[in-house]
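Engineer: Each chain is listed here by its residues.
Number of protein chains: 2
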Amino acid sequence: MQSGEIQKTKNRQSHTTIFAKHVYGNLYGVDSKLLIDPNFISKLVVEAARLGNLHILEMISRKFNSYNGSEGGVSVIALIEESHISIHTWPEGEYATVDVYSCGAKAEPRRAFNYLVSILKPKDYKAYNVDRGAVV
Amino acid sequence: MQSGEIQKTKNRQSHTTIFAKHVYGNLYGVDSKLLIDPNFISKLVVEAARLGNLHILEMISRKFNSYNGSEGGVSVIALIEESHISIHTWPEGEYATVDVYSCGAKAEPRRAFNYLVSILKPKDYKAYNVDRGAVV
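Listed in order, the protein sequences are those of chains W and A. First residue of the first sequence? That's 0 in numbering that gives the first Met the number 0, and the numbers climb one at a time after it. First residue of the second sequence? That's 0 in numbering that gives the first Met the number 0, and the numbers climb one at a time after it.
Looking at chain W on its own, in the form it has when it is part of the complex (with noise of 0.2 angstroms):
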């Protein structure tokens, strides 16, 4: 959403706008070793948080077992009083996906996600900038 046009058409009115950005992006060719750990996962998405400046209030995750017996991925997701982090695992394809959606404008998730990004060190990575906030 352009917050311009919804303040062009409701410039007589009173209004709210509301911040929400959301980061995300797919990780490719990433070492498997990075992928499979939990605890890791868990303190990068820490000290991402704490870069993005976002503030965690709870974390959960899971370890999967994979489907040709090789260690199975990792998901895990921090519940920010911004909204929430997320990150999901395939180690058998070396893959991994991100995403740090945070509302509020002081929150960085660019710089959070570009820290995971640092870390992790895939290959390859896409990643998008969504404006998930509105003007009503």
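Derived by calculation from the structure, the hints in this document are not laboratory data. Among the clues, some could well be false.
Copies of the same chain are indistinguishable here, so a pair counts whether it falls within one copy or spans any two.
As the list claims (entries may be wrong) - Only pairs whose alpha carbons sit at most 30 angstroms apart, straight line, appear in this in silico DSSO-like list of lysine-lysine:
(1) Lys42 with Lys62
(2) Lys32 with Lys105
(3) Lys105 with Lys62
(4) Lys105 with Lys125
(5) Lys62 with Lys32
(6) Lys125 with Lys32
(7) Lys42 with Lys32
Following the hints, put chain A in place on chain W, whose structure we already have.
Structural biologist: Just chain A now, kept in the frame of chain W:
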């Protein structure tokens, strides 16, 4: 990502297909009374998961304080076998966002998303379907 592109470049190599679909949306003009109770939203997530053939492993939620003395919003996040479902609400703006992120060929995240919209009945909404999978 277009899976066909990857298969074309790797057609003499073995590859792994990771199915992951992410349906997310922004819901405008939701009755604010539907957006203030984490237990209510959690029940919606449970039913959405059932309809989408998604399997909840753990669910966490928070009720937030508002800035102006009115009812604050909630966040509900479900860690599911297939990845996650999240709902964040801003009752002061009659606004909510929904993410249904699922891996596996049997998941039907759009069905889960549509159920949530059918109950929250926004005056308007935008929905996006994103491929979060890979052929690696």
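Engineer: Take the hints in turn and mark each one as holding or not.
Structural biologist: Results of checking the hints against the structure:
For the homomeric pair Lys42 and Lys62, the shortest alpha-carbon distances inside one copy (15 angstroms) and between copies (25 angstroms) are both at most 30 angstroms. Taking the shortest alpha-carbon separations for Lys32 and Lys105, only the inter-copy value of 28 angstroms comes in at or below 30 angstroms, while the best intra-copy value is 34 angstroms. In the homo-oligomer, the alpha carbons of Lys105 and Lys62 lie at most 30 angstroms apart only across protomers (20 angstroms), although the nearest pairing inside one protomer, at 32 angstroms, exceeds that limit. For the homomeric pair Lys105 and Lys125, the shortest alpha-carbon distances inside one copy (24 angstroms) and between copies (25 angstroms) are both at most 30 angstroms.
Taking CA atoms no more than 30 angstroms apart as the test, Lys62 paired with Lys32 passes inside one copy only; the shortest distance there is 14 angstroms, against 37 angstroms between copies. When the C-alpha separation of Lys125 and Lys32 is checked against a cutoff of 30 angstroms, the pair qualifies only within one copy, where the shortest distance is 21 angstroms, while the shortest distance between copies is 38 angstroms. Taking the closest pair of Cα atoms, Lys42 and Lys32 come within 30 angstroms of each other only inside a single copy of the chain (15 angstroms); across copies the shortest separation is 37 angstroms, beyond that limit.
Going down the numbered hints, you'll see the structure goes against none, and every one checks out.
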